Amino acid sequence: MLAQLDATPVETPEIVWAGLLPLLILSAGALLLVMLRSVVKRLPADVEPHLITAIGPITVLGMWFAAGLAGTDVPLAGLRDDMGEPAFYIGLALVMVLAGTLVRTMEIGLDAAITVGLGLSAFAATWGIWDDRWQVTGPFNAIGDQFAVDGFALLFAGVLAASVVLVALLLDGYLRRESLDGPEMYVLMLLSAAGGIVMTGANDLIVIFLGIETLSIAVYVMAAMHNRRTESQEAGLKYFVLGAFASAFLLYGIAFTYGATGSTNLVDIQIFLSSGQLVDNGLLMAAFGLLLVGFGFKIAAAPFHAWTPDVYQGAPTPVVAFMASAVKAAGFAALLRVFMLGFFSHVDDWRPAIGALAVLTLIVGSVMAIVQSDVKRMLAYSSISHAGFILVGVHAASLAGINSVAFYAVAYTFLVIGSFGVLTVVSGVGDRATSLDDLNGMAKRRPVLAFMFTVFLLAQAGVPLTAGFVAKFEVINAAVDSEFYWLAIVAMLTAVVSAFLYLRIVLSMYLGTADGDAADLGDPIPKAAGLAIGIAFAVTVGFGILPGPLSDLASDALPALIGAG
Amino acid sequence: MSDYLRSYLTVGIFGLVGVALVGVFLGLGRILRPDHPNLAKNEAYESGVEPTGDMWSQANIRYYVFALLFVMFDVEAVFIFPWAARLEAYEVFGLIEMAIFIFILLLGLIYAWRKGVLKWV
Amino acid sequence: MPEFLTDWGLLVITFVPLAGALLMMLIPQENEEAHKQVSLLASLLALALGIWYLIDFNYSDAGSLQYVVDESWIEVINSRLIMGLDGMSLPLLMLSVFVMPLVFIYSWDHIPHPGNAKSFLILMLILETGMIGTFLAQDLILFFVFFEVVLLPMFFMIAVWGGEDRRYASLKFFLYTLFGSALMLLGFLALFFLSKDPTTGELLRTFDMRVLSDVAGAGIVRSSQLLIFGGMFLGFGVKVPLFPFHTWLPDAHTQAPTQGSVILAAVLLKLGTYGFIRIAIPMLPEAAEAWAPWIGLFAVIGIIYGALGCLAQTDMKRLIAFSSVAHMGFVMLGIATLTDFGINAAIFGMVAHGLITGMLFFIAGSVKERYHTLEIKRLGGMLLQAPKLGWILGFCVMASLGLPGLAGFWGEFPAILAAYQPANGIPEETFRGYMVIAAVGTVLAAGYLLWLLQRTAMGEAPEEFANDPEIVDVKRIEWIAWAPFLFLIVLFGVAPGLIFEITDPAVVESLDNCLQLEGGCEGVAAAAQATFGG
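Chains as they are written, first to last, in numbering that gives the first Met the number 0: chain A, 0 to 564; chain B, 0 to 120; chain C, 0 to 533.
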């Protein structure tokens, strides 16, 4: 019977490789890294430092090539023409030398250096696509009609790449402190980010599901990576079981969507739904509900948030930084894509559900945070309330809403990596010192770190002149613009409630006096972690004072659906 | 109710009848059979050997690792068979795809091997 | 060089303190002298600029905005960097730049426990930038940002340098204010989205306070106006603080270090009342009219409640704090009349209260420093032990209770008078009732203030302090810091026209919309003009 099948070639999808470059860099890089490190287990001691130093210049070249391949021209071609070729190449060489020196002074490990290099190259590739391809030709499909490259996807891909870089810098010192050295964590993180990029551009529910699973499974393992801490094991297991449960819901929702619309492709779904052929929408409603449950788990929206505090408390702190930034951003990107593009014609049907989720999430996140005594747990609840804020932006279901979600996701990524970065550094061996009392007197022991943490926390509270304020402002702006005053009021009031939580942490740092046996004995801050926190700080304050550039990016970054034609 | 959903009704009825049948047969057996329990009869049957120890016994952790590796390559076969059946249709594109797929799996094997998982100690 | 004032001056005066703070960040912490010098210098620079403005200001055109700066700022949220100065903001700007150097002088040898002059002074400089910016901002978002910027340094001043209960007090202060401003921001946003051009009916989509005051809520349905005003009412009312949102104030004042209390009383509370007269009323006159009886009601409750609260206090600082609630009640009553007369009185009341209560808190700080307690029961005989300190306390108490000839009188008396005839459309009977209650409040004020004076300053010195060598009279640094306060209290008491003449045109201008819309109020405005010769 098999022989009877006709042997005419199957039509293969058209692939625009350049559009896939960030994804390829991250995933292929991860595979190469794991292969390299399994074959060559230990490098000779006199080679390793030189190799690590060499990664600096290689990264610069990698970024340059990646951006060039992704775009249609050599990157910085304009600059090259202005400067003249010799001057430009001398400049490039200088930057390479500088990068080498920077890597050397950071005293970073080999795996972390490679990961940072890959992340930066992916970032450069994203920028190249944005600047030379997307802005020139507009959004396009990269693989058939399954994976779109539009401003929205590119922005989130950039966010994911940036969070990979920052978290890798945090992980380096952390893994050494906990003696968990090894490439596994980095490889998993790169794969997870690759899954995230798949989610942000997916044009098909099945592709979204693939992305979510790649993203999630890697993070389940990462959460359980600290194998000498039972809390970490517990976190991994809990996250895995509940995550799998959520995936099942999502898949069921996809199945119902297929049942209702006859397709899993967002373009087809959108065409079918807006043509008004759907007479009875009972099945579609069930699909909305199930999809929302699935996404709700991923973004930690109440009432599907129960795993968050335990997992955030138990998982290794840098991993939490990654979960709170990249995983959440990718989840929101996919949610927005599915509902705003695929189901936009039925906005009146799904909007109330999102609104209810938003209100519940805001209230649970801010109120439950107050009674916690562990800082990681507090920040877990605060991340829930941030999810509520972003949902307010989704609920607006307008251009302003999409822009505000994009802005919020970018700003929040840096805020949260900064916050958990500080916690990583101060929590001491075994992540033990994370209770509120452990922070007592931190302002005296580590004034700079305490100051930065204060800024991150205040930014999360939405104090002006930080990126957090502009983010919250834009969300509220979108809600008021769509005339959902009640939602805006709830959001503002819960923001005040959660301000209490951030102030509690700040007060602990500035008021409490350190106990003699405080776990944090003032070990030197790993330089790489310091760099990551510094970058996050600069972004938080920079985009707080001058939000224009980021906001312009966010308002350019609109999702688009392109048909197969 | 739409036609579509109505077609599920058949499935539902089928399921209900199935559950009912099981109940009926078990109940019938209960009514008809003689019932004389004693100690020996209530013991768990384990190939004629007298059961000892707890119900929960730990299996060696190493079995799990092997089981995992087995599942990995077992599932691989599921993907390879259909591809092999339609080899001509997919042409070079399919060949490269499958090469990448097998390479990734191989990578897993290499990783496991270098981690010392394959050694039985 | 008036071009400088027109082009850059307002930006410079706003950010000079901040520049000082940035400079201080570079100086190592050990070098306390340098920190004190830089902070004082920065605030003196701001004062000098302020005086320059005072001289250069075009008084014949005090009603319109002068020295306008209009630059693009955060375009994405349609917010522009607009600043300007008119007769309404000038007195309050001057109050801010005048008080701050004196506070820095006082800080010369009064850095509260646990030290760290660097951070303390930097926070105060940031505070100054926030206050000046709030009074100058002419864009709602810019206003909001400065309004919030003030919050943080104050929070840290109370939280780190405060008294026993500082953790509670600082949190309460922060959360109350944040709660108010959250709803206020919503109100601003609603204004942004709903305001329409009255002639063309087009949506304006602007945060420009000049434009929004001009259109005065045109195109917004009445119910929305009422709600938006409600949001602002909460935001500004908490800051004032208006009864029943006042409970943070006694705690914050009691726990704050002396400098914090002085700044809080002298300037920070005025941000709220300023918001009412600058934003809430001109932009939503119709809603203001509807809300006026309620504002008036809360104001008179505040007057009586504050006075009764004072009588129940055992702590000198807490008593002064409650007296603030009562005094701000008078200010709010003046505002609630929505007349030129009342609002002029309110602005005068703000300045007067800033000077007098600021001064009282200075004295309280000095008493605490000498006696190590502020418990009224344990104090006494100050006139014998430290006669000059005692006399200054007496002088301020007299000023505070509204003795004619001192500044306090011109804040309270016209406010009560204005309540006799509120603007058209506001129930007259109600306000006459308020007037009577407020008058009773003045009597109560005299009661508790004289009681305070009697218990602390008069009589014999209590045994425990009888031979305490720490109890000395006013020191030189205190004289330098206090003399300007005392001088101005007398000056404005004798010549109230100095302020009224500046504020009146601006108030008339801002009420103009209200007059046009309501077609009333002219009579009152004219009467006020006649009274004060504006």
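Worth flagging that the hints you see were computed from the coordinates, not collected in a lab. Watch out, some of these pointers could steer you wrong.
Unchecked claim - FRET-style restraints, in silico, Cβ to Cβ:
| id | chain 1 | residue 1 | chain 2 | residue 2 | range |
| --- | --- | --- | --- | --- | --- |
| 1 | A | Ser397 | B | Asp2 | 35 to 41 Å |
| 2 | A | Asp348 | B | Ile30 | 50 to 56 Å |
| 3 | B | Val23 | A | Val240 | 33 to 39 Å |
| 4 | C | Pro403 | A | Val370 | 51 to 57 Å |
| 5 | C | Asp6 | A | Val370 | 49 to 55 Å |
| 6 | A | Gly547 | C | Asp213 | 24 to 30 Å |
| 7 | A | Leu50 | B | Lys118 | 39 to 45 Å |
| 8 | B | Asn59 | A | His49 | 24 to 30 Å |
| 9 | A | Ser178 | C | Tyr167 | 39 to 45 Å |
| 10 | A | Ser397 | C | Phe3 | 52 to 58 Å |
Claimed, not checked - In silico DSSO-like cross-links for lysine-lysine, where the CA-CA straight-line distance does not exceed 27 Å:
| id | chain 1 | residue 1 | chain 2 | residue 2 |
| --- | --- | --- | --- | --- |
| 11 | B | Lys114 | A | Lys40 |
| 12 | B | Lys118 | A | Lys40 |
| 13 | C | Lys35 | A | Lys443 |
| 14 | C | Lys171 | A | Lys443 |
It should be emphasised that the depicted structure is a prediction, and the values quoted were computed from it without experimental measurement. Where is the CB? At the ideal position from N, CA and C, for every residue including glycine.
Outcome of the hint check:
no. : hint                                : verdict
1   : Ser397(A) <-> Asp2(B): 35 to 41 Å   : holds, 37 Å
2   : Asp348(A) <-> Ile30(B): 50 to 56 Å  : holds, 53 Å
3   : Val23(B) <-> Val240(A): 33 to 39 Å  : holds, 37 Å
4   : Pro403(C) <-> Val370(A): 51 to 57 Å : holds, 55 Å
5   : Asp6(C) <-> Val370(A): 49 to 55 Å   : holds, 54 Å
6   : Gly547(A) <-> Asp213(C): 24 to 30 Å : holds, 27 Å
7   : Leu50(A) <-> Lys118(B): 39 to 45 Å  : violated, 29 Å
8   : Asn59(B) <-> His49(A): 24 to 30 Å   : violated, 44 Å
9   : Ser178(A) <-> Tyr167(C): 39 to 45 Å : holds, 43 Å
10  : Ser397(A) <-> Phe3(C): 52 to 58 Å   : violated, 45 Å
11  : Lys114(B) <-> Lys40(A)              : holds, 10 Å
12  : Lys118(B) <-> Lys40(A)              : holds, 17 Å
13  : Lys35(C) <-> Lys443(A)              : holds, 22 Å
14  : Lys171(C) <-> Lys443(A)             : holds, 24 Å
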